[in-house]
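*Asks:* Sequence:
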Amino acid sequence: NAVLRCNMEKNTFLNHQVGSGKTMTAIATAIEGKKLGTIEGKTLIVVKPETQAGWMSEIYKTYPNASVLSSSMVEFKQSDPSEFLRKMANFDGDIVLITHNEFANIERPIEVKIKILQERISAIDSIINEVNIDREREWKPKALPKLQSEYRKEINNLMIEANTDKTLKTKLTIDKLGIGCFVFDEFQEAKNMETFTALKARGIRNSKGSRLGNALLETSYTFNKESCNTKMIMLSGTPISNAPYELYNIM
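In case it helps, this note's numbering puts the sequence shown at residues 18 to 268.
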């Protein structure tokens, strides 16, 4: 049932308990989806470094004839991943296996980054207006105007890059790698994303998210465009462990 759902849905979150078969479900989705035509291209699976060998073993145990490109066999230079990305773009096999840190080093489209930053600025504007209207409010989120200023600078820098970088059109961003399905294991490792609120709530901070969390968010925006057929599957045995905002980020 889980494999069928992953192949039929655009986005799926498998948060079954540890040992219930999430790894095998993701592998079967990748292989069977390509056979059925519900997945158009290779499946990129992003895992923690310490579980990469276990994933490789499970892939070949489940599908001995699977065609796999793994950064454990072909070097992924995090300072310059272009060589690995070229091999990945030309790879016509079933699964590409890389680690969380390596995934964070893959570029996402500039227009996606700008769109997200613009939405953040708009969200902060709404919160500031709400706070200003409520004159009896004792607590005010002082960090938000500074964040807004930083986001405007980031947008300006991205626009300069878009207008001056002559290699931009040929640069291999994540949407140019032929990915038909994107699987992210141990999703809880990336759930620290930007969270803005006018409320004073324990565990919710008006601050920038983690590098990995932002990379996953930008990838989600990229693959959830109407013109994109790439499926996204998140895996976690412990989706919520500390604070209420984790549930918001998951959704």
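Worth flagging that the hints you see were computed from the coordinates, not collected in a lab. Hints may contain errors.
[What the hints assert, rightly or not] Simulated restraints, written as ranges between beta carbons of each label pair:
| no. | residue 1 | residue 2 | range |
| --- | --- | --- | --- |
| 1 | L53 | Q95 | 27 to 37 Å |
| 2 | G36 | A160 | 36 to 46 Å |
| 3 | R22 | E178 | 14 to 24 Å |
| 4 | T68 | L21 | 20 to 30 Å |
| 5 | D109 | F30 | 27 to 37 Å |
| 6 | C245 | K65 | 36 to 46 Å |
| 7 | D182 | D109 | 26 to 36 Å |
| 8 | E147 | Y77 | 22 to 32 Å |
| 9 | E49 | S244 | 48 to 58 Å |
Just so you know, even glycine gets a beta-carbon here, dropped at the ideal spot from N, CA and C.
*Asks:* Which hint numbers doesn't this structure obey?
*Replies:* Checked against the structure, the hints that fail are numbers 3, 6, 8 and 9, while the rest are satisfied.
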